[in-house]
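Peer 1: Just so it is clear: in the sequence shown, position 231 is 230 by numbering that gives the first Met the number 0, and no numbers are missing.
Since the hints were made in silico from the structure, they are not lab data.
In this text, a Cβ means the ideal position worked out from N, Cα and C, and glycines have one as well.
Take the hints with a grain of salt, since some may be wrong.
[Unchecked claim] The calculated label-pair distances, taken between Cβ atoms and stated as ranges, are:
#1 Arg226 - Glu121: 34 to 44 Å
#2 Val84 - Thr52: 15 to 25 Å
#3 Gly61 - Ala160: 15 to 25 Å
#4 Gly161 - Lys54: 14 to 24 Å
#5 Ile4 - Glu90: 37 to 47 Å
#6 Gly103 - Gly64: 22 to 32 Å
#7 Asp85 - Pro197: 45 to 55 Å
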Amino acid sequence: MSKVILKDAAQLELMRRAGQLLARVFADLDGFIRPGVTTMQINDRAEAFIVQTLKARPASKGQYGFPFALNTSVDHVVCHGMPKVDEALKEGSIVNVDITLEQGGYIADSSKMYSIGQIGEEARRLMDTTYAALWKGIEQVRPGATLGDIGHAIQAHAEAAGYSVVREYCGHGIGTQMHEAPEVLHYGQRGTGMQLQPGMVFTIEPMINQGGRGTRGLRDGWTVITRDRSLSAQWEHTVAVTQSGVEVLTLREEERVAQGDGRTPLGAMV
């Protein structure tokens, strides 16, 4: 990756707009994702909403040759799950939906976990712990903090709950390109790594496994699963470093109501 690209106020406003639009995509899917819906139906609905309603572009489609508008990672799939016509969601499953959106030349990236019908207590605990770990990482974001502070906060929270942190995949800078500097690891030591400064924009997207942290890729060249086939969960937000703290650019309405406007460090919800 090249050097970090700091965003000015005008660029941040464009990224804020993209993030707000992306939050609307998840709001549209909230009442749609349920048992019996296929992962391809999720993809098609999201793409239609992005293109037709929001007049934006699904940034993942065509990126590195990926053919779909989003990723759907079910149960033991860690990340990059490909939507399928014949993959119907089953009662008790969990699924991560990872979506990117571009408008005005800037990209927003976020993912959300969905429970399919009634899920087990252990699956719920994994989802909730992963979400809390994401916010533990976000809480560290402010000028003068380091990338290691973010990774350490996430790792400490996940491992204290008995889970493991996937290490092969990480967050990343984002702007006019999907992947910019820096890489944002979800494990690490306090006080290490790049120091944060206002204008930096990047994703935080921890992948937390119920079992071991080992992963393996499938033959499709995209899908990554847990090596021991234990459940995996992931949540993601795009965040900006401000003069005084952090702004969550992809904050969803239910989070905004529960926690505030996303422009200051916030406590985890669980």
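Peer 1: A separate judgement is required for each hint: does it hold in the structure or not?
Peer 2: Here's how the hints hold up against the structure:
no.	hint	result
1	Arg226 - Glu121: 34 to 44 Å	violated (19 Å)
2	Val84 - Thr52: 15 to 25 Å	holds (23 Å)
3	Gly61 - Ala160: 15 to 25 Å	violated (38 Å)
4	Gly161 - Lys54: 14 to 24 Å	violated (45 Å)
5	Ile4 - Glu90: 37 to 47 Å	holds (45 Å)
6	Gly103 - Gly64: 22 to 32 Å	holds (25 Å)
7	Asp85 - Pro197: 45 to 55 Å	holds (48 Å)
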